[in-house]
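Peer 1: Here's the letter readout for the chains.
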Amino acid sequence: MSFAKNLKCRECGRDYSLDPIHVCEFCFGPLEVFYDYEAMGRAVTRDHIEGGPPTMWRYAELLPCNPETAIDIGTGLTPLVRARNLGRLLGLDRLYIKNDCQNPTWSFKDRVVSVATSVAREFEFDTLACASTGNLANSVAAHAARAGMKARVFIPADLEQGKIIGSAIYSPTLVAVDGGYDEVNRLCSEVSDKYPWAFVNINMRPYYAEGSKTLGYEVCEQLGWRAPDHCIVPLASGSLYTKIYKGIKELSWLGLVDWRATRMSGAQAEGCSPIAEAWNRRSFLIKPQKPNTIAKSLAIGNPADGYYALKTMADTNGAAATVTDEEVVEGIQLLAETEGIFAETAGGVVISGLRRLVDDGHVRADEVVVAFITGAGLKTQEAVLPAIQPPLTIRATLDSFEEALEERDGVLPAARGV
Amino acid sequence: MDKLRVKFTFVESLIKEPIIWKLGREFEVVTNIRRADVQADRGWVILELEGERDEIDRGLDWVKDQGVRIDPVYEDVVEG
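Residue numbers (this note's numbering), protein chains in the order written: chain A, 103 to 520; chain B, 322 to 401.
No wet-lab data here; the hints were simulated from the structure.
Derived lysine-lysine pairs resembling DSSO-like cross-links, with alpha carbons at most 30 Å apart:
(1) A:K389 - B:K385
(2) B:K385 - A:K296
(3) B:K324 - A:K389
(4) A:K351 - A:K413
(5) A:K389 - B:K343
(6) B:K324 - A:K296
(7) A:K392 - B:K324
(8) A:K252 - A:K107
(9) B:K337 - A:K389
(10) A:K107 - A:K296
(11) A:K413 - B:K337
(12) A:K392 - B:K337
(13) B:K385 - A:K392
(14) A:K392 - A:K296
(15) A:K348 - A:K413
(16) B:K324 - A:K110
(17) B:K343 - B:K385
Looking at chain A on its own, in the form it has when it is part of the complex:
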């Protein structure tokens, strides 16, 4: 059963029943799911979780929907990898990578959309919708297919072919919108106001956002029921960042892990860094930006949870790093070359951001550090194409092979002994 009790305004604290709404009618503040933690604490144990399915739904009792009717396409319980090579290079003794590339549609969005779709079905919506530049669109289209719902997915008209295919294969109604960033945002707000659809990140947002908590739960369980000392998270709307922290806090409230005062740090690309910019100004006032970066999955110029991300950063003694687009590519390459993980641009932001935070003294060598890699590299191949080494092109002869190898490396490798 779900222990979700009601929705609560994050600003004025007013309570609402569990309905498909996301904004407080009185102060226009955002609504968040509130739980009966006492009852949850009596029902949820480590054994109970460990005996659950090998997906994020092993934490079903900590989510705002009925586990029996959850739409589970196999999301979650992704690997937590001890990154010894990268850690050595960065000077970190205990660095881990949470590899969320391995979700069904290859990004962490499956976590939030899985919850949003499950709740949407409980509310008897027949249509799932979103506006997205890639990952969210893929996930909504896939979950709608699984749930037998109609999907309406709005994408920018100039989206790359690969990203369109990643949604189109599930046969949603794909709407390519011709217009600038602000115009697409405005249109989608109007559409969500007019049509009775479950827009996963608008009217479903309080439930949707809760799916990100499972990243925090999983990391603690995979560390042997221990909270990390420091998390490095990509910052877009700020929701993922705040919910990972909420997940860690909840496990502590429930007595499943000891409280460790986990520090939360974030990273953004310079071309869209409203949260990091406010952090560096020592301000809680976000100045919206027009995104201009290759890290498109993080390109949210006016972040809905930016203020709450800044509060979390301040409360946890975290920090924010920004990286250039060149550093984004370097970060992707560094992770691939050291740990064998091919991340999308958001992952490059996290790895280069982590390096900056280490260089600036924000991350200590002895901390248990978890860097969250939220999407797979095959989604943003065009970003790394100019930087990768082309293959050695040869004729099908041993001479040609050795000639090419010697030309590149200056020396031939040792041959087998005779």
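Position chain B relative to chain A; hints supplied.
Peer 2: Frame of chain A; chain B shown alone:
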């Protein structure tokens, strides 16, 4: 009649200006403040505007001309 929810952000030089009062007086727009944080050097106000859409747009153009930043309350809905 339409309703529109917006966020005004004021820089220091505009903090003392009664811009919301003027908006309601100069244009056929009802202004309804819901949440605000105004300090000596900057401030923001979240409010609902009610009126004919054209009149709201004319009013918002005037507010923008005064140097106030205007953003939608719902922030960005297009995600990665």
